[in-house]
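2 protein chains.
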Amino acid sequence: MTTARTPAGAAPSRGRRAGRSAGDERETAILATAERLLRQRAFGDISIDDLARGAGISRPTFYFYFPSKDAVLLTLLDRVTEEADAAAGGVFDRLAEDPRAHWRELIARFHATFGGHRDVVLACAQVRGTNAEVRRLWAEVLERWVRAVQAAIETERARGAAPDGLPARDLSIALNSMNERVWYATFAGDGPAVAERDVVDVLLDVWLTAIYRTTTPPVMPSAGTP
Amino acid sequence: MTTARTPAGAAPSRGRRAGRSAGDERETAILATAERLLRQRAFGDISIDDLARGAGISRPTFYFYFPSKDAVLLTLLDRVTEEADAAAGGVFDRLAEDPRAHWRELIARFHATFGGHRDVVLACAQVRGTNAEVRRLWAEVLERWVRAVQAAIETERARGAAPDGLPARDLSIALNSMNERVWYATFAGDGPAVAERDVVDVLLDVWLTAIYRTTTPPVMPSAGTP
DNA sequence: AGCTTAATCGACAGGGTGTTGAGCGGGTGT
DNA sequence: ACACCCGCTCAACACCCTGTCGATTAAGCT
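In order, the protein sequences belong to chains A and B.
Counting from 540, one number per residue, gives the positions in the first sequence under the working numbering.
Counting from 540, one number per residue, gives the positions in the second sequence under the working numbering.
If a hint is listed, it holds; no wrong ones were tucked in.
Identical chains share a label here; the pair holds if one copy fits it or two copies do between them.
Computed list of lysine to any residue pairs in SDA-like fashion (alpha-carbon distance at most 20 angstroms, straight line):
1. Lys608 to Gly583
2. Lys608 to Ile587
3. Lys608 to Arg565
4. Lys608 to Trp677
If you are wondering where the hints come from, they were derived from the structure by calculation, not from laboratory data.
On a predicted model such as this, the values are computed, not experimentally measured, just so you know.
Construct the complete structure from the given sequences, taking the supplied hints into account.
Here it is as structure tokens:
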């Protein structure tokens, strides 16, 4: 009822049989159509018929490849979060070398990834309210990032670079939540928003002050700024 | 096309004729039904027929009172934002007396207001993605709060209590965005969330460090902590 | 050739929205 | 007292979208 995403299975997205069968092309055609239409109108204004016709198939045939419209978006979201995870990889290990530079790098990479797929991200944010599956996946992804940042904060505190304060998990949740909402406003462009050019530095500033109480954290183990 | 909310007009919500006519009762019955059903299921799972039957009328009659399901939610949202605005009133004037206490008071009042109407707030957050009218109203409300906080930050900087840094507007947007998203997660309970009991203090901590670089800002004009 | 399986679609059922047009009852004015 | 407007009501309709069923074709294996 809530499991299947593609007919062949979710994670490694291996196609149906061995060699590239006709169905693979249809499946990617649906995905491509969804991304294209998302650039033009909101997810809610795209019908399954639009997706099917865009991929050159009939509506019932669409159901052979995806169980619902939302499942298409879920597949798209999977790709984006994988890309974001990959982009963040390794940054945490070098935090102590230069905290400001590396926190900035982390935020900047997420910004680049989300900005590069803003239509998909925006659509997900919009249906998260109505679709439990998207909500669940997003919660999972967020939980990973929250944990990673929490661990980084605790490491910085342990080496004496950051002062004690809020529970690291609560702080991590607050900062990650801020980023999500601020990016949404910036990309969506409705309501009060930070200019896209400034958003990384604005977020960075709040992160640094919340974690270190200063925008210029020390670089070596428990050493002051020279 | 996008204006009317109630048949009689929006703002002061005066009923249709002079004395309480039958229609007034129907209208409030619809609103009450919406709030009641929202406590049980998601907004998307409530049909206009549910609202109409709950108020003891037929579906076409519903359209005599509201142009759409969303318009009902919009009316509910109006009430909540008015209450929040009222709750925030006057706090900014006394900020310098004791910044920490008064920022906390501000956040706590918003928390209480939203928490007291969490079903409505959650529903609005959910349809904001699909309904332009809700999006517009929310953006308007947020803009007011962003401006008020921005002004307060500038005042604190002018009296020397807060250091210069980010443009006050950008900082205000980031902090307000954080609150919105964190409250949403806390009230919705899906995904990583701060416990409801702690959320005010967590938010306060990030606000204070971002604005003052310390969690114990000075109380008198340009005086240090004793 | 015969069997299986991937792939396809016409046609249907169901449920939701928004609109139309007709009807009813109580004030109000003359 | 009569007509008449107007607030109010709903059955019935047109429409759109979703999801499913069953029949059908094409390709591969034995």
